[in-house]
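Put together the whole structure using the sequences plus the hints.
Chains as they are written, first to last, in full-length UniProt numbering: chain V, 1 to 304; chain D, 1 to 225.
Hints are not guaranteed to be accurate.
Said to hold, decoys possible - Pairwise CB distance ranges, derived in the manner of DEER restraints:
#, chain 1, residue 1, chain 2, residue 2, range
1, V, 129, D, 7, 24 to 30 Å
2, D, 219, V, 243, 41 to 47 Å
3, D, 7, V, 97, 47 to 53 Å
4, V, 23, D, 123, 26 to 32 Å
5, D, 132, V, 61, 56 to 62 Å
As the list claims (entries may be wrong) - Covered by chain D, according to a simulated footprint, are these stretches of chain V (three or more residues, beta-carbon under 8 Å):
#, stretch
6, 21 to 35
7, 41 to 51
8, 108 to 114
9, 122 to 129
10, 203 to 211
11, 214 to 224
12, 238 to 246
Just so you know, the hints here were simulated from the structure itself, not pulled from any lab data. Note that CB positions come from ideal geometry on N, CA and C, so glycine has one too.
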Amino acid sequence: MSTDAVLYDHPGPRARIRNWILTAVFGAGLLALFYWIYLKFDEKGQWAATLWKPFLEQSTWVDFILPGLQQTLSAALVAMVLSLTFGVLFAVGRLSDHWWVRVPAGIVVEFFRAVPLLLLIFFIFFGLPYVIEDLRMEAFWAVVAGLTLYNGSVLAEAFRAGVQAVPRGQSEAAYGIGMRKNQVMRYILIPQAARAMLPVIVSQLVVLVKDTALGYIISFPELLQLGVNVLSANYANVVAAAIVVAIIYIIINSLLTALAGWVDRLTRRRGIRVPRTSANPGQTGVQPTAAAQNTTVSSGLGGG
Amino acid sequence: MDFLSDPDNVDLYLTGFSWILRLTGAGALGALVLGVILAGMRVSPVPVLRAFGAGWVNTFRNTPLTLIIFFCYFGLYSTLGLTLDSEDIALNNFWLGVLGLSVYTAAFVCEAIRSGINTVPPGQAEAARALGLSFFQVLRIIVLPQAGRAVIAPLGSIFIALAKNSTIVGTIGLAESSSAMKTMIETYSSQTILIFLLFAGTFAAVLIPTGYFFGWLANRLAVKR
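So this is what it looks like as structure tokens:
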């Protein structure tokens, strides 16, 4: 249901006046809040030009922010490719007919979904070199490996839920024309599942981009490390730097979400969209499917 | 498990998880209260409130939690002088962590509840309005109770994620379990795998059943239509 039209009536004269009053009151409250924040910043001299001026200088961007951004994006990109692969493999594994594939795949997925990413990264970065001799663990690969195991497991659940939500007739028809299980999975089920679960997949990819910031904790020179930590060590402008870097993250992730919306509309227009298993037309599917709602634990969440 | 014969390590382990438990509890409470208010704002008839809710969600959902926690400590506390407990530095860091976790998680709670509101059939709200209930009454008496049952599963996964995210507060000097694990690995490096399995296993052993419990609860309390 479109909430704005149903929870309240089209405003009449009295409601319109009331809404105007509420708008004025909350608007004033909000402005007061922002002014208070402004004053608090002012009190500590946070508006001093020296703190913000570095962002107008080329060297700040060339030496700190852009290298950090590049590291963040390359780690995110590698981890995205790897975790999508991991996700598809383990989703298929969990749907296998053989218990000796299904059970281990299930254990791996459940385990890595439940372990905090930070513990995983600590283990890979600090712990593994003690376990495997002569291993020089680079921060980049520790972050990528952690992200892959965690997000891959979440994506595996998303794909699995998506596959289970594809109408049975699809795979029956595919078997009917003589496809083998491998082919049914590859040509029929996975493509439809991926499309149906697009919102979950994208929100997980946004999580992945954000989680690269955990690399800061093991001194991986990514955006948070270079753009906030190192930069503010040079200019003593931690608040300003954090705000600028946060804006960069917000822009990247909004672009990712917008891209997904565009792809979604594209597939919808071409009419190749999977009919959502909506037995109830009253519910315009908020969550992809009913099955997905129960099984995709922690969609769009996860670490920092 | 030799490293557990040292009572200091047992202490480290227990303190670590007690901090995680407290962070999760306080963070969940804060996020739930904030999230419900934000969701109410996002569906309200007043444009300023809707814009505020949307701004909050878009800002905090797209910013790394690590950055938020970092900002809470180095920005709010060190630079702007916000002190939440002046006597006990550990408690101060704890409350800064709770603040960051709540503000971040509230964005997800808000979106979950809003999508829950979307699952309530329009007829319910229309009937309520026909009885003469105001917007606030419709929301409080008719829509939110039904929406609440629909979002138990998503809320469950949000709180599970919150429990895992609590480990990030370790980065601002709280001895929770991720920093406890790091300390132990550094001193008992030969038993790295066991130490990891102990900490990761504790999380898995608590959180996997919790996930199934929320799934079961969601099924049980679902509004059957």
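With a Cβ-Cβ cutoff of 8 Å, does the stretch 203 to 211 of chain V contain at least three residues near chain D? holds (count 3)
Within 8 Å of chain D (C-beta), three or more residues of the stretch 214 to 224 of chain V: As far as the stretch 214 to 224 of chain V goes, the hint holds, because 4 residues have Cβ atoms under 8 Å from chain D.
Go ahead and decide if the range 41 to 47 Å is satisfied by the Cβ distance of residue 219 (chain D) to residue 243 (chain V). holds, 43 Å
Holds or violated: the 24 to 30 Å window for the beta-carbon distance between residue 129 (chain V) and residue 7 (chain D)? holds, 28 Å
Quick check: do three or more residues in the stretch 41 to 51 of chain V have a beta carbon closer than 8 Å to a beta carbon of chain D? Since 3 is at least three, the answer is holds.
Taking 8 Å as the C-beta cutoff, is the stated coverage of the stretch 108 to 114 of chain V by chain D satisfied by three or more residues? Held - the stretch 108 to 114 of chain V has 3 residues with a Cβ nearer than 8 Å to chain D, which meets the minimum of three.
Are three or more residues of the stretch 238 to 246 of chain V within 8 Å, CB to CB, of chain D? It holds, with 5 qualifying residues against the three required.
Is 47 to 53 Å right for how far apart the beta carbons of residue 7 (chain D) and residue 97 (chain V) are? holds, 50 Å
Beta-carbon spacing of residue 23 (chain V) to residue 123 (chain D) - inside the hinted bounds 26 to 32 Å or not: holds, 29 Å
Using a Cβ cutoff of 8 Å, are there at least 3 residues of the stretch 122 to 129 of chain V near chain D, or does the coverage claim fail? holds (count 5)
Taking a Cβ-to-Cβ distance below 8 Å as contact, does the stretch 21 to 35 of chain V have at least three residues touching chain D? holds (count 5)
Consistency of beta-carbon spacing, residue 61 (chain V) to residue 132 (chain D), with hint 56 to 62 Å: holds, 59 Å
Going through the hint list in order, the structure satisfies each hint without exception.
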